[in-house]
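Under this note's numbering, read the sequence shown as residues 3 to 61, first letter to last.
I should point out that these hints are in silico values taken from the structure, not numbers from a laboratory.
We put the CB at the ideal spot given by N, CA and C, even for glycine.
Check the hints yourself; a few may be wrong.
[To be verified] Here are the in silico distance ranges between beta carbons for each label pair:
1. 5 x 52: 27 to 33 Å
2. 5 x 26: 27 to 33 Å
3. 5 x 30: 17 to 23 Å
4. 58 x 32: 26 to 32 Å
5. 3 x 32: 19 to 25 Å
6. 30 x 60: 14 to 20 Å
7. 29 x 60: 27 to 33 Å
8. 24 x 3: 16 to 22 Å
9. 3 x 53: 18 to 24 Å
10. 6 x 28: 17 to 23 Å
11. 58 x 11: 17 to 23 Å
12. 60 x 33: 23 to 29 Å
13. 33 x 11: 16 to 22 Å
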Amino acid sequence: MRLQEAEASLIADLQDESELIETRSFPTFKLITARHPTLGKLVIVVAQNGSGAIVEVNE
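Whenever a hint applies, use it, and build me the whole structure from the sequences.
Printed below as a string of structure tokens:
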């Protein structure tokens with residue numbers, strides 16, 4: 003499992019390139035689970051300003 007900080011542009015690109023599995027919104031952040039063609043399973047944490055973190059999950 004790898005965890006990386008991500009700027010808003012990277013998060014937007016990954017969302018566009020991935021098959022979205024589920025999205026959940028919370029008062030201060032949003033969680034997105036997705037399957038990317040080359041990175042595999044991802045958990046994307048999006049802050050209110052659009053930046054956040056990417057977690058690559060090993061299968």
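* May I ask you to test the hint 19 to 25 Å on the CB atoms belonging to residue 3 and residue 32? => At 20 Å between Cβs, range holds.
* Assessment of proposed distance window 26 to 32 Å (beta carbons of residue 58, residue 32) -> Violated - the Cβ-Cβ distance for residue 58 and residue 32, about 18 Å, lies outside 26 to 32 Å.
* Consistency of beta-carbon spacing, residue 60 to residue 29, with hint 27 to 33 Å -> 30 Å, holds
* Range agreement (Cβ of residue 33 with Cβ of residue 60, hint 23 to 29 Å) -> 18 Å, violated
* Is the hinted range of 18 to 24 Å satisfied by the C-beta distance from residue 3 to residue 53? -> Holds: the Cβ-Cβ distance is about 20 Å, inside 18 to 24 Å.
* Asked: Do residue 5 and residue 52 keep their Cβ atoms within the hinted range of 27 to 33 Å?
  -> Since the Cβ atoms of residue 5 and residue 52 sit about 18 Å apart, the hinted range of 27 to 33 Å is violated.
* Range agreement (Cβ of residue 26 with Cβ of residue 5, hint 27 to 33 Å) -> 18 Å Cβ-Cβ, so the 27 to 33 Å window is violated.
* Asked: Should the hint that residue 58 and residue 11 are 17 to 23 Å apart at their CB atoms be regarded as holding?
  -> 18 Å, holds
* Beta-carbon spacing of residue 30 to residue 60 - inside the hinted bounds 14 to 20 Å or not -> With a Cβ separation near 28 Å, residue 30 and residue 60 fall outside 14 to 20 Å, so the hint is violated.
* To do: Using the Cβ atoms, figure out if residue 24 sits within 16 to 22 Å of residue 3.
  => 18 Å, holds
* To do: Determine whether the Cβ-Cβ distance between residue 33 and residue 11 falls within the hinted range of 16 to 22 Å.
  => 19 Å, holds
* residue 5 and residue 30, beta-carbon distance inside 17 to 23 Å? -> Because 18 Å falls inside the window, the suggested range holds.
Checked against the numbered hints given earlier, this structure breaks hints 1, 2, 4, 6, 12; the rest are met.
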